[in-house]
Amino acid sequence: MDLYEYQAKELFRRHGIPVPRGAVAETPAEARAIAADLNAPVVIKAQVKTGGRGKAGGIRPAAGPVAAEHEAARVLGMDIKGHRARRVLVEAATVPFEEYYAAFLVDRAEGGFLAMVSGQGGVEIEELAASDPGAVVRLPVDPVEGVDADAARLLAAGAGLPEQAAEVLERLWRVLVAEDALLVEVNPLVCTTDQRVVALDGKVTLDDNAAFRHRREAEEPTGGLEDRARAKGLNYVKLDGTVGVIGNGAGLVMSTLDVVAGAGAAPANFLDIGGGASAQVMADGLEIILADPDVRSVLVNVFGGITACDAVANGIVTALELLGERGHGRPIVVRLDGNNAELGRRILDQARHPAVRQVSTMDAAAATAARLAAGA
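If you read the sequence shown in full-length UniProt numbering, its first letter stands for residue 1, the second for the next number, and so on.
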């Protein structure tokens with residue numbers, strides 16, 4: 001389970017990690033009251049479980065209570081990558097002198113833990129690692145020995161962080177272990193002008209398998225696409241691209257994401273309709289994907305087995321009938337193979353929907369979807 005920023009910072013406070021003063025507001029009036037209590041310039045931060053808040057306008061400075069109320073009114077209700085901001089975190093503004101990056105995570109590939117620390121924070125760590133690999137220190141962590149004070153000092157020194165950051169790194173490791181987390185990340189971790197090291201942001205992913213060991217607040221539906229998909233029993237994850245992807249089976253969907261990326265486009269989602277999906281499930285999946293404003297084209301890639309291709313085709317036709325005019329705006333590329341593929345293709349041919357394009361191979365279908373997403 002991913003936590004909101006304010007929830008991550010509550011864990012940080014519990015483990016002695018410095019964070020800015022602040023509180024959560026659900027209304028503009030509450031934001032004004034919090035800013036008045038803080039008696040300082042503040043930052044209004046949308047609470048959504050996705051990145052890119054700043055670029056989307058979900059993080060806004062406010063000089064005082066009146067401005068805080070105004071900015072909170074602008075942020076509350078904002079849709080950021082399919083996630084609606086129902087709360088804002090109102091925090092005392094912090095002026096950083098330097099920004100760093102720090103994370104501890106479960107490294108599934110190696111079957112252990114990994115520390116990642118950099119003297120350059122506030123940017124996408126993937127971009128930094130690609131452009132300057134030496135800027136990110138990656139260190140396997142022994143599950144038994146963990147990260148004690150000495151290891152934290154070595155980690156901080158290796159990444160060019162100040163000595164006082166070592167204590168924060170040690171406590172971040174404690175959060176990972178004590179809270180049964182899969183990821184604990186701070187970006188940016190900052191050193192202020194008075195030499196305090198503060199977690200300016202926080203991202204924590206908890207292991208649901210360990211929930212029985214903790215008394216946690218129940219996850220609240222946000223009304224976003226992932227919640228809507230979950231309510232329909234769909235295995236859906238929102239991504240940052242423009243090509244919507246539907247497939248049957250996690251392996252096929254993952255392969256489809258790779259092929260879309262290889263065709264020069266970015267997938268907008270992961271959506272697995274499962275091995276025995278009905279026409280209704282197919283219709284539900286297509287409805288969710290077309291509700292994403294970032295999607296410019298859709299790729300349906302199905303290999304018929306338990307899920308017969310005629311059921312998939314009927315689901316596409318049903319969804320487009322339900323969507324009406326909303327289903328006409330974006331092209332849908334369909335590749336059907338396997339059980340009842342010929343029948344499925346005939347169903348789509350007979351429907352003659354202007355949005356649907358059939359392509360016979362996965363590579364060609366991905367290339368077509370990528371081209372259409374680019375407007376070509």
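Worth double-checking, as some hints may not be accurate.
Stated by the list, open to error - List time: in silico EDC-like cross-link candidates among lysine to aspartate or glutamate, alpha-carbon distance up to 16 Å:
id, residue 1, residue 2
1, Lys55, Glu124
2, Lys55, Asp337
3, Lys55, Asp240
FYI, nobody ran anything at the bench for these hints, they're computed from the structure.
(request) State the violated hints by number, sorted upward, taking the hints as numbered earlier in the document. (result) Hint check: 2 fails alone, others pass.
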